[in-house]
Amino acid sequence: MNLTVNGAACEIDGSALTPLLDVLRDELGVTGPKAGCHQGGCGACTVLVDGEPRRSCLMPAGYAEGAEIVTVEGIGAPEDLAPIQQAFVHYYAAQCGFCTSGMLLAAQAYLARGGSDDHESIQEALAGHVCRCTGYAKIIDAVAAAARGDSFDLTTTAVGKHTTMATGGAE
Amino acid sequence: MAVASVAVDAATETMVPGSEDEAIAAFGDGVGVVVVGGGTIVVPDLTYRRIRPSKTLMLGHAGLAGIETDGAQVTIGAMTPVQDLVDLPAPLGPCAANVADLEIRSQGTVGGNLCAGDAPEAPRGDLQGAFLALGATVRFAADGEVAEEPLEDFLGEHSGRLVLGVSFDEPAAGAFAGLDRPHTHDYTALAVSGAKGNDGTLRLAVTGAGSWGARLPSAEAAAGDPEAAGKAALQDVSPRDDALASAWYRTKVLPALVRRVLTEMGASS
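Here the protein sequences come in this chain order: A and B.
With the working numbering applied, the first sequence corresponds to residues 1151 to 1321, in that order.
With the working numbering applied, the second sequence corresponds to residues -11 to 257, in that order.
I should point out that these hints are in silico values taken from the structure, not numbers from a laboratory.
It cannot be assumed that every hint is accurate.
Heads up, incomplete: computed chain A residues facing chain B, CB under 10 Å, no partners named [claimed, not checked]: (1) Q1189; (2) T1196; (3) E1202; (4) G1212; (5) A1259; (6) A1262; (7) G1264; (8) V1280; (9) C1283; (10) G1285.
Even for Gly, the Cβ is constructed at its ideal location relative to N, Cα and C.
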């Protein structure tokens, strides 16, 4: 199989039936997508497939062949955060961080399709993403701020550690 | 990390047809074949080793997705994602919008929904009631031959049959009423769909009151009086207790949902 992950072409051996999540994490070492429930219920494994949010634990890798796959590693870097990541940092919208990469990608897709700062629309867009820290209010505030195009001076709100968390963590 | 090991059995033969004809040939008589549509039901079953098929048929590249309408009839391919239905008229559009979340709706397919029956937590085929109310016909392949059958006869009888698509006449009026879900990932605890055909035929169907979606013939017969029809609907079902709702609760709510659907259809036609 030939997959494109964060712009890089990758050749994978193995069954087309293997969940994309396992290919990303176990074969390619791309650990931004989290293996939460492995059955589509938590949203932590969400990636973008041709710009659309998809549960990588449910998607057979063969279905992603030829598509552009983007994980949280692909939307920004610690020194160059995407606007949605900056908003998450500013609002302290990550606590344990496990749901964060999935939340960020679903939010990124929401912004890309012109989503507004209306809280109900944001809730609808993130409805399948479970935050075990129940940090929903700050997450929704962050997405709303990003939808408005707010900009942040992160040197005054958070540094270092927070930045790492907002990009989905290192594990 | 303590996550289930999910390597797919090397013993599983994976078939990836590139067209409908190839899919029909690969499916054959269907013996021992597990069909993978969008993956939302089957992939977790594989991951957690609830099934260990010798053969899997992956339909993702078989060209079975799409909605066609000629103004009188609507035809929906088996691999059409549930999300693609949400803007269709009632009952199907609002029924589809009431399924899971954006990602699951975008991955789960119509064909999978029509083949999904009971699960330990609840009945799963959220769309079945809406398609039954529309008087839908299923197109399927068995032993290499393509055939059609009313959905009502097909539900629960899908073994050895590969769903290719579903079609129905555009309704003159339709309505959908369902219980709100406690969480977006819950199946629908109870929902009623209604549709009126251009020939005046009125159909009512329920999801969540049994293993499969079901018509409500007693309620249909009393449809002129929404109150009476709601009560009559109870003769058509024997709901069970499950993780989403008790049988008692469902019998209390069903008449109200029937009433709401009939009232809405009366107002729109």
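For this session: List in ascending order the numbers of the hints, as given earlier, that are violated by the structure.
Result: 6, 7, 9, 10
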